[in-house]
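J.: Now for the letters of each chain:
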Amino acid sequence: KNEVEQSPQNLTAQEGEFITINCSYSVGISALHWLQQHPGGGIVSLFMLSSGKKKHGRLIATINIQEKHSSLHITASHPRDSAVYICAVGALNYGGATNKLIFGTGTLLAVQP
Amino acid sequence: DTAVSQTPKYLVTQMGNDKSIKCEQNLGHDTMYWYKQDSKKFLKIMFSYNNKELIINETVPNRFSPKSPDKAHLNLHINSLELGDSAVYFCASSPTMDSLSGREQYFGPGTRLTVT
Chain F
1 KNEVEQSPQN LTAQEGEFIT INCSYSVGIS ALHWLQQHPG GGIVSLFMLS SGKKKHGRLI
61 ATINIQEKHS SLHITASHPR DSAVYICAVG ALNYGGATNK LIFGTGTLLA VQP
Chain L
1 DTAVSQTPKY LVTQMGNDKS IKCEQNLGHD TMYWYKQDSK KFLKIMFSYN NKELIINETV
61 PNRFSPKSPD KAHLNLHINS LELGDSAVYF CASSPTMDSL SGREQYFGPG TRLTVT
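Chains as they are written, first to last, in our numbering: chain F, 1 to 113; chain L, 1 to 116.
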């Protein structure tokens with residue numbers, strides 16, 4: 001079992017829909033990251049959070065440290081949001097190292113017009 | 001203006017060859033990383049360096065040897081390439097390796113390695 005689990009693995013939505021992607025983790029973390037990988041392959045960091053909630057435009061990320069769970073929400077989804085969304089955690093003192101990222105398997109989102 | 005750059009973007013080579021991938025960041029960051037993304041798009045850390053010092057070596061075959069000539073560069077040399085090395089390799093950097101601050105990482109565009 002992966003230390004970082006995402007759901008769903010695949011998601012198809014209609015333009016304008018509200019989208020939620022979930023991430024659960026089983027290790028102690030310093031922070032949780034949400035990343036976006038476009039079809040062209042580049043990876044962009046969307047959020048890094050260690051508590052509460054963050055918002056950038058139509059994207060909202062929340063984290064519940066006690067429940068070891070985070071969600072990424074997209075409001076008013078658009079076809080340009082189509083990408084793979086990856087949850088990653090900065091593992092605390094993992095193998096004696098710090099700030100090591102452990103990745104989820106990603107969620108492939110397709111937003112249809 | 002590119003923050004984290006990698007060369008080459010594509011690399012096609014035969015089994016048994018030795019190849020290098022270069023990474024440079026102009027962000028003034030102390031920490032750099034190499035990640036491997038397999039055919040299922042799963043990312044996994046390979047190495048991290050902090051100020052030219054190796055911090056993480058994540059059970060990677062010793063055919064893979066990272067080299068950090070200065071804190072702005074982290075190169076990856078691969079000896080005796082195997083079919084299973086085919087993947088996309090991403091370089092990344094972050095301001096520090098401080099776990100308490102959990103700093104954001106900036107990724108390069110990736111290098112698609114194909115071993116035939």
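Quick caveat, the hints were computed from the structure, so don't treat them as lab data.
These numbers come from a predicted model, not from an experiment.
No residue lacks a Cβ here, since even glycine has one placed at the ideal position from N, Cα and C.
Hints are not guaranteed to be accurate.
Unchecked claim - If you only want the chain F side, here are some residues facing chain L, beta carbon under 8 Å, derived:
{"hint": "1", "residue": "His38"}
{"hint": "2", "residue": "Gly41"}
{"hint": "3", "residue": "Met48"}
{"hint": "4", "residue": "Leu101"}
{"hint": "5", "residue": "Phe103"}
Stated by the list, open to error - Under the rule of at most 30 Å between Cα atoms (straight-line distance), these lysine-lysine pairs were calculated in the DSBU-like manner:
{"hint": "6", "chain 1": "L", "residue 1": "Lys71", "chain 2": "L", "residue 2": "Lys41"}
{"hint": "7", "chain 1": "F", "residue 1": "Lys54", "chain 2": "L", "residue 2": "Lys41"}
{"hint": "8", "chain 1": "L", "residue 1": "Lys9", "chain 2": "L", "residue 2": "Lys40"}
{"hint": "9", "chain 1": "L", "residue 1": "Lys52", "chain 2": "L", "residue 2": "Lys19"}
{"hint": "10", "chain 1": "F", "residue 1": "Lys54", "chain 2": "L", "residue 2": "Lys44"}
{"hint": "11", "chain 1": "L", "residue 1": "Lys41", "chain 2": "L", "residue 2": "Lys67"}
{"hint": "12", "chain 1": "F", "residue 1": "Lys68", "chain 2": "L", "residue 2": "Lys22"}
{"hint": "13", "chain 1": "L", "residue 1": "Lys44", "chain 2": "L", "residue 2": "Lys67"}
{"hint": "14", "chain 1": "L", "residue 1": "Lys36", "chain 2": "L", "residue 2": "Lys19"}
{"hint": "15", "chain 1": "L", "residue 1": "Lys9", "chain 2": "L", "residue 2": "Lys71"}
{"hint": "16", "chain 1": "L", "residue 1": "Lys67", "chain 2": "L", "residue 2": "Lys22"}
{"hint": "17", "chain 1": "L", "residue 1": "Lys44", "chain 2": "F", "residue 2": "Lys53"}
{"hint": "18", "chain 1": "L", "residue 1": "Lys52", "chain 2": "L", "residue 2": "Lys36"}
{"hint": "19", "chain 1": "L", "residue 1": "Lys67", "chain 2": "L", "residue 2": "Lys40"}
{"hint": "20", "chain 1": "F", "residue 1": "Lys68", "chain 2": "L", "residue 2": "Lys36"}
{"hint": "21", "chain 1": "F", "residue 1": "Lys1", "chain 2": "L", "residue 2": "Lys52"}
{"hint": "22", "chain 1": "L", "residue 1": "Lys52", "chain 2": "L", "residue 2": "Lys67"}
{"hint": "23", "chain 1": "L", "residue 1": "Lys19", "chain 2": "L", "residue 2": "Lys67"}
{"hint": "24", "chain 1": "L", "residue 1": "Lys44", "chain 2": "F", "residue 2": "Lys68"}
{"hint": "25", "chain 1": "L", "residue 1": "Lys9", "chain 2": "L", "residue 2": "Lys67"}
{"hint": "26", "chain 1": "L", "residue 1": "Lys22", "chain 2": "L", "residue 2": "Lys52"}
{"hint": "27", "chain 1": "L", "residue 1": "Lys52", "chain 2": "F", "residue 2": "Lys53"}
{"hint": "28", "chain 1": "L", "residue 1": "Lys36", "chain 2": "L", "residue 2": "Lys67"}
{"hint": "29", "chain 1": "L", "residue 1": "Lys40", "chain 2": "F", "residue 2": "Lys1"}
{"hint": "30", "chain 1": "F", "residue 1": "Lys68", "chain 2": "F", "residue 2": "Lys1"}
{"hint": "31", "chain 1": "L", "residue 1": "Lys22", "chain 2": "F", "residue 2": "Lys1"}
{"hint": "32", "chain 1": "F", "residue 1": "Lys53", "chain 2": "F", "residue 2": "Lys1"}
{"hint": "33", "chain 1": "L", "residue 1": "Lys36", "chain 2": "F", "residue 2": "Lys1"}
{"hint": "34", "chain 1": "L", "residue 1": "Lys36", "chain 2": "L", "residue 2": "Lys22"}
{"hint": "35", "chain 1": "L", "residue 1": "Lys19", "chain 2": "F", "residue 2": "Lys55"}
{"hint": "36", "chain 1": "L", "residue 1": "Lys9", "chain 2": "L", "residue 2": "Lys36"}
{"hint": "37", "chain 1": "L", "residue 1": "Lys44", "chain 2": "F", "residue 2": "Lys55"}
{"hint": "38", "chain 1": "F", "residue 1": "Lys54", "chain 2": "L", "residue 2": "Lys36"}
{"hint": "39", "chain 1": "F", "residue 1": "Lys68", "chain 2": "L", "residue 2": "Lys40"}
J.: For each hint, tell me whether it holds in the structure or not.
T.: We went through each hint and held it up to the structure:
no.	hint	in the structure
1	His38	violated (11 Å)
2	Gly41	holds (5 Å)
3	Met48	holds (5 Å)
4	Leu101	holds (6 Å)
5	Phe103	holds (4 Å)
6	L:Lys71 with L:Lys41	holds (28 Å)
7	F:Lys54 with L:Lys41	holds (26 Å)
8	L:Lys9 with L:Lys40	holds (19 Å)
9	L:Lys52 with L:Lys19	holds (21 Å)
10	F:Lys54 with L:Lys44	holds (26 Å)
11	L:Lys41 with L:Lys67	holds (25 Å)
12	F:Lys68 with L:Lys22	violated (36 Å)
13	L:Lys44 with L:Lys67	holds (19 Å)
14	L:Lys36 with L:Lys19	holds (15 Å)
15	L:Lys9 with L:Lys71	holds (21 Å)
16	L:Lys67 with L:Lys22	holds (9 Å)
17	L:Lys44 with F:Lys53	holds (26 Å)
18	L:Lys52 with L:Lys36	holds (20 Å)
19	L:Lys67 with L:Lys40	holds (27 Å)
20	F:Lys68 with L:Lys36	holds (26 Å)
21	F:Lys1 with L:Lys52	violated (33 Å)
22	L:Lys52 with L:Lys67	holds (8 Å)
23	L:Lys19 with L:Lys67	holds (13 Å)
24	L:Lys44 with F:Lys68	holds (21 Å)
25	L:Lys9 with L:Lys67	holds (19 Å)
26	L:Lys22 with L:Lys52	holds (15 Å)
27	L:Lys52 with F:Lys53	violated (35 Å)
28	L:Lys36 with L:Lys67	holds (16 Å)
29	L:Lys40 with F:Lys1	holds (16 Å)
30	F:Lys68 with F:Lys1	holds (15 Å)
31	L:Lys22 with F:Lys1	violated (33 Å)
32	F:Lys53 with F:Lys1	holds (27 Å)
33	L:Lys36 with F:Lys1	holds (19 Å)
34	L:Lys36 with L:Lys22	holds (14 Å)
35	L:Lys19 with F:Lys55	violated (42 Å)
36	L:Lys9 with L:Lys36	holds (14 Å)
37	L:Lys44 with F:Lys55	holds (27 Å)
38	F:Lys54 with L:Lys36	holds (28 Å)
39	F:Lys68 with L:Lys40	holds (25 Å)
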